[in-house]
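2 protein chains.
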Amino acid sequence: MINLNYPHFPFTREVLIEKVQEKISDKRFQHVLRVEKKALELAEKYQLDFEKVSIAALVHDYAKEVSDEEFQQIIKEKHLDQDLLKWSNAIWHGVVGQYVIEKELGISDKEILQAVNHHTTGSKNMSDLDKVIYVADFIEDGRDFPGVNEARESANRSLDEGVLFETKHTLLYLINKQSPIHPKTLETYNYYVANKRDI
Amino acid sequence: MINLNYPHFPFTREVLIEKVQEKISDKRFQHVLRVEKKALELAEKYQLDFEKVSIAALVHDYAKEVSDEEFQQIIKEKHLDQDLLKWSNAIWHGVVGQYVIEKELGISDKEILQAVNHHTTGSKNMSDLDKVIYVADFIEDGRDFPGVNEARESANRSLDEGVLFETKHTLLYLINKQSPIHPKTLETYNYYVANKRDI
Chain R
-16 MINLNYPHFP FTREVLIEKV QEKISDKRFQ HVLRVEKKAL ELAEKYQLDF
34 EKVSIAALVH DYAKEVSDEE FQQIIKEKHL DQDLLKWSNA IWHGVVGQYV
84 IEKELGISDK EILQAVNHHT TGSKNMSDLD KVIYVADFIE DGRDFPGVNE
134 ARESANRSLD EGVLFETKHT LLYLINKQSP IHPKTLETYN YYVANKRDI
Chain X
-16 MINLNYPHFP FTREVLIEKV QEKISDKRFQ HVLRVEKKAL ELAEKYQLDF
34 EKVSIAALVH DYAKEVSDEE FQQIIKEKHL DQDLLKWSNA IWHGVVGQYV
84 IEKELGISDK EILQAVNHHT TGSKNMSDLD KVIYVADFIE DGRDFPGVNE
134 ARESANRSLD EGVLFETKHT LLYLINKQSP IHPKTLETYN YYVANKRDI
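Chains R and X, in that order, give the protein sequences. Under this note's numbering, the first residue of the first sequence carries the number -16, and numbering increases by one thereafter. Under this note's numbering, the first residue of the second sequence carries the number -16, and numbering increases by one thereafter.
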């Protein structure tokens, strides 16, 4: 069991976990706990703040089971980019989910909300916290897809390698399924490809 | 040998061919002739105007051996989207190449220039002429890559199926090579994926 305090937040890890557990299915909740475990491993390796990593990991899928109608309403009410209306839960639970998290959990920390925002599409402007959540979501111990070991090795070499591997893998998966691809996913790919000599 | 007149243009096919042959390597010229042959087959099948198909096919790679410096100069002089400067010959020879063709060959027909423009990235707004050139370039008789037969069968079912197959294949190829992908290629993919129920 992880023993972790949140000295800078007005709630404990136990209370946050309870709220997350109430909001999503047990299967998803188990995934969330595994993402937190992997994210903390990466945080230790790459020397990130455990507190924010834990919180961001625990809430990253908090809005995954929010209804399409609620997301559409938030997009309209908050005057977000109306192009978002063309997308679906796979994009909304991160990009729009951050507003659900802010409202229902009272988390207003911009770095945590950005990690939630970026965790599905990636971004060309990812912080290390964003990268840790993006990558941990992909390689947590329950993941079992062809290439997962290579993904884990990439993330062990560097966060940027982990991000590039995951972004490529996601693009290939979506194209083979003939699913739509969000322009930000391509932007992430192009950014990390252009900078791969530095990786 | 193809016997084709250009009643609406102030030059003959023979003169156009001579000019193209002077501008590019023999290997590329042979590819261009095969693209024209395939494009005319598709034009017959899908009932397009032979004249424009022939001209667009013959000029589609006219600017392929133009120097990077010349492309960069045109982008600046014509005040094209300056984002283009970040790309390379693979994009420029179509998107910017149309201006070289207009200037050097005196071809101002907007439909032909658009087919040249769209032949590398595709577009969500492709005319049938654009599609024929895009697809013929991919499946001409000299092409020999894994999947080329499937690509030819797609194009035989419909131009839209041909475009979707080619766009998917191009994306997969670029991702596996870790090469940058132009946003218009993704836009083409997303458009044809969204409309695939009609294909």
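A portion of the hints provided could be inaccurate.
Stated by the list, open to error - Not everything, but these chain X residues come out facing chain R in the computed CB check (under 7 Å):
#, residue
1, V(-2)
2, L(-1)
3, K151
4, L154
5, L155
6, L157
7, Q161
8, P163
9, N173
10, V176
Calculated directly from the structure, the hints in this document are not laboratory data. Cβ atoms here follow ideal geometry from the backbone N, Cα and C, with glycine treated the same way.
Here is how each hint holds up against the structure:
At its closest, the beta carbon of V(-2)/X sits 41 Å from a beta carbon of chain R; the interface hint therefore is violated under the 7 Å criterion. Against a cut-off of 7 Å between C-beta atoms, the interface hint on L(-1)/X is violated, since the closest Cβ of chain R lies about 37 Å away. Contact between K151/X and chain R, as hinted, is supported at the beta carbon level, the nearest pair being about 5 Å apart and thus within 7 Å. A cut of 7 Å between beta carbons decides the hint on L154/X: the least distance to chain R is about 5 Å, and the hint holds.
Taking 7 Å as the C-beta cut-off, the interface hint given for L155/X holds, the closest approach to chain R being about 6 Å. Annotation: interface hint on L157/X violated; nearest CB of chain R at approximately 9 Å, more than 7 Å. Interface hint status for Q161/X: upheld, as the beta-carbon distance to the closest one in chain R is roughly 5 Å, under 7 Å. Proximity of P163/X to chain R holds as hinted, the smallest CB-CB distance being about 5 Å (cut-off 7 Å).
Among the interface hints, the one on N173/X holds; its C-beta lies about 5 Å from the nearest C-beta in chain R, closer than the 7 Å criterion. Interface hint status for V176/X: upheld, as the beta-carbon distance to the closest one in chain R is roughly 5 Å, under 7 Å.
When held up to the earlier numbered hints, the structure conflicts with 1, 2 and 6 and fits the remainder.
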